[in-house]
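Student: For this one, chain A is given, so just place chain B on it according to the hints.
Number of protein chains: 2
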Amino acid sequence: MKNKRKDSLSKSTTELGEHNIIGLIQDHLDLMPNMPVPFGDDVSAFEIENERVVVLKTDMLTNKTDVPKEMSLWQAARKTIVMNVSDFASKGVKPTAIIVSLGLPRTFTSKDIEEIACGLNAGAREYGAYIIGGDTGETSDLIIAASLFGMAQKKDLMLRKGAKAGDTLAVTGLFGKTGAGLKILLNGFKATPKVKEKLVASVCMPKARLIEGLTLGASKTVTASIDSSDGLAWSLHELSNNSNVGFTIDKVPIAKEVFQFAESNRLNPLELALYGGEEYELVVTIKTEVLEKTIKEIKNIGGCLIPIGTVTKDLKILIDIDGKKDIIEPRGWEHFKS
Amino acid sequence: MKNKRKDSLSKSTTELGEHNIIGLIQDHLDLMPNMPVPFGDDVSAFEIENERVVVLKTDMLTNKTDVPKEMSLWQAARKTIVMNVSDFASKGVKPTAIIVSLGLPRTFTSKDIEEIACGLNAGAREYGAYIIGGDTGETSDLIIAASLFGMAQKKDLMLRKGAKAGDTLAVTGLFGKTGAGLKILLNGFKATPKVKEKLVASVCMPKARLIEGLTLGASKTVTASIDSSDGLAWSLHELSNNSNVGFTIDKVPIAKEVFQFAESNRLNPLELALYGGEEYELVVTIKTEVLEKTIKEIKNIGGCLIPIGTVTKDLKILIDIDGKKDIIEPRGWEHFKS
Numbered sequence: 001m002k003n004k005r006k007d008s009l010s011k012s013t014t015e016l017g018e019h020n021i022i023g024l025i026q027d028h029l030d031l032m033p034n035m036p037v038p039f040g041d042d043v044s045a046f047e048i049e050n051e052r053v054v055v056l057k058t059d060m061l062t063n064k065t066d067v068p069k070e071m072s073l074w075q076a077a078r079k080t081i082v083m084n085v086s087d088f089a090s091k092g093v094k095p096t097a098i099i100v101s102l103g104l105p106r107t108f109t110s111k112d113i114e115e116i117a118c119g120l121n122a123g124a125r126e127y128g129a130y131i132i133g134g135d136t137g138e139t140s141d142l143i144i145a146a147s148l149f150g151m152a153q154k155k156d157l158m159l160r161k162g163a164k165a166g167d168t169l170a171v172t173g174l175f176g177k178t179g180a181g182l183k184i185l186l187n188g189f190k191a192t193p194k195v196k197e198k199l200v201a202s203v204c205m206p207k208a209r210l211i212e213g214l215t216l217g218a219s220k221t222v223t224a225s226i227d228s229s230d231g232l233a234w235s236l237h238e239l240s241n242n243s244n245v246g247f248t249i250d251k252v253p254i255a256k257e258v259f260q261f262a263e264s265n266r267l268n269p270l271e272l273a274l275y276g277g278e279e280y281e282l283v284v285t286i287k288t289e290v291l292e293k294t295i296k297e298i299k300n301i302g303g304c305l306i307p308i309g310t311v312t313k314d315l316k317i318l319i320d321i322d323g324k325k326d327i328i329e330p331r332g333w334e335h336f337k338s
Numbered sequence: 001m002k003n004k005r006k007d008s009l010s011k012s013t014t015e016l017g018e019h020n021i022i023g024l025i026q027d028h029l030d031l032m033p034n035m036p037v038p039f040g041d042d043v044s045a046f047e048i049e050n051e052r053v054v055v056l057k058t059d060m061l062t063n064k065t066d067v068p069k070e071m072s073l074w075q076a077a078r079k080t081i082v083m084n085v086s087d088f089a090s091k092g093v094k095p096t097a098i099i100v101s102l103g104l105p106r107t108f109t110s111k112d113i114e115e116i117a118c119g120l121n122a123g124a125r126e127y128g129a130y131i132i133g134g135d136t137g138e139t140s141d142l143i144i145a146a147s148l149f150g151m152a153q154k155k156d157l158m159l160r161k162g163a164k165a166g167d168t169l170a171v172t173g174l175f176g177k178t179g180a181g182l183k184i185l186l187n188g189f190k191a192t193p194k195v196k197e198k199l200v201a202s203v204c205m206p207k208a209r210l211i212e213g214l215t216l217g218a219s220k221t222v223t224a225s226i227d228s229s230d231g232l233a234w235s236l237h238e239l240s241n242n243s244n245v246g247f248t249i250d251k252v253p254i255a256k257e258v259f260q261f262a263e264s265n266r267l268n269p270l271e272l273a274l275y276g277g278e279e280y281e282l283v284v285t286i287k288t289e290v291l292e293k294t295i296k297e298i299k300n301i302g303g304c305l306i307p308i309g310t311v312t313k314d315l316k317i318l319i320d321i322d323g324k325k326d327i328i329e330p331r332g333w334e335h336f337k338s
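Keeping their order, the protein sequence lines are chains A and B. Be aware that the first sequence starts at 1, since it is given in my numbering, and climbs by one per residue. Be aware that the second sequence starts at 1, since it is given in my numbering, and climbs by one per residue.
Just chain A, same shape as in the assembly (with noise of 0.2 Å):
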């Protein structure tokens, strides 16, 4: 883990990305020893005795990117939990408490950072996680990097890494809704009321699929999983990457509102769909003899299962529907490039 990457010496934060980034930090890390979840997998965590590991995740909000001006102070504070326990979910791991670092600007007031902790406290408390510390400074830009804590057996945690050739892939719910929300709010796209609240809704109140997660987890029918966070065609990537495998796509169920920003805005829908970004549904590849059973779990807690292709021996990650053949590409919302 000591090479140094000689060939990227001289590069901006833009010209690396935040993949690339985080790629060069490990390079230059330690590495633990017995690592129960490599790096790059949306959680980390360490093991405290036979089997049992502590899961660990940070993820970081800042106004200069993540906040567009239409979300409150307090829906900023919430989606900070929000994107955490997504990841949580994605592992099929209960978040029990949650630690938060603060960067708060000079000009904020006493009324601004009780609309931050109500937020705070009100995502945490949705997912049933209690806020128990934190650290607070001050900072040029809002800052509210949230830490989650929970505890797992490390043969429940579902990894990106597990996905078998002939297992179907699926996911928790329909796409597209945060990527035409995001047009909206940073582009200036226009919409029907009734469909901008669901798009702008799906950007600044956004929901963990916590449920799903565990569900799925208990089920033991999952061989890999991931959360969409920053599009589902980078998570794609992403499980086969880590899998070694391909997928084969025969449908990408797609939000009517979405289909309909689309329409009027003369945008493809299935580009915001598979390039999207902070959408919180979960990405999973299943054993298929037991498909039909976790589909019935799931909806049995209220939630949905969607099938929407095969797991590939072959790397590649086409989508085949109608008989119209293509290739999804390996991009998505990436930090510092985006």
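To be clear, the hints were calculated from the coordinates, so they are not data collected in a lab. The hints are all genuine.
Given that identical chains are not distinguished, each listed pair holds provided it fits within a single copy or across any two copies.
Straight-line C-alpha distance at most 27 Å; calculated DSS-like pairs for lysine-lysine:
#	residue 1	residue 2
1	Lys164	Lys287
2	Lys69	Lys11
3	Lys316	Lys287
4	Lys94	Lys299
5	Lys111	Lys11
6	Lys64	Lys11
7	Lys293	Lys313
8	Lys299	Lys220
Tutor: Using the frame of chain A, we list chain B on its own:
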């Protein structure tokens, strides 16, 4: 915990200061039942089973307020780890794993990022921990938020609460170096090269008293403990408030370089020792009957434990050196105010 502090509704962060901001946030959080460590202590914790706790801590370094120009990125990254380890040390807990949220300005290069990664790794390995994950995003200032994790028995934690009248107050080292070092780095004060080197090193290359903290924890002789990261005076007031006791100080151990610096700059060395900050000694109270035994144990591991006064029923914090009595004020280094 849900009562709004109405009097603070319109205050700015600078009027509030770090400590009131943290209080304001806590007012709006639901309390986790049976918290093994109360809000406001140096670390957070949650119980995972009979008496066994996971210990957590997050502390953020921001180059807007925490990084003097002379401090390298490597040093800043290492220091972020050290300041978190110091809190673990003060509770007698060994850190196992660390996750990091890293906010990077666009202007940073791959060389800068490598320097930060190496500094984080060096800090972690110096204290036997590993960096096992993290997140990065774009920010205006450099932000390094580290979260530390470890395991402990609830009864072994050295809290801020627990000091009893008659106990001896003791510290793990000399004071004043960082107070003087910060005056050199931030306010342009002068010193001879040899003195300057020592004082600046205390700011740029701090050490956490982890071995001392673990040894004190194992000794079972400590009744209350805190680190001196916000200054010795502030730590004494925190111990006083949390333990509902006072102190009479008969000695403040000050480094010889601080006397030299203070003399040539016409400053009060006691002021530098009491009201500095970012000084990572441990400040503990010890049952007086086992003081000598504890001093020997700390000497055996290469550290030192210096008695500086006694715990009193009277809540005042008095300094009484050579017959000169004075009150130690509740001030120190505070974000947003300093």
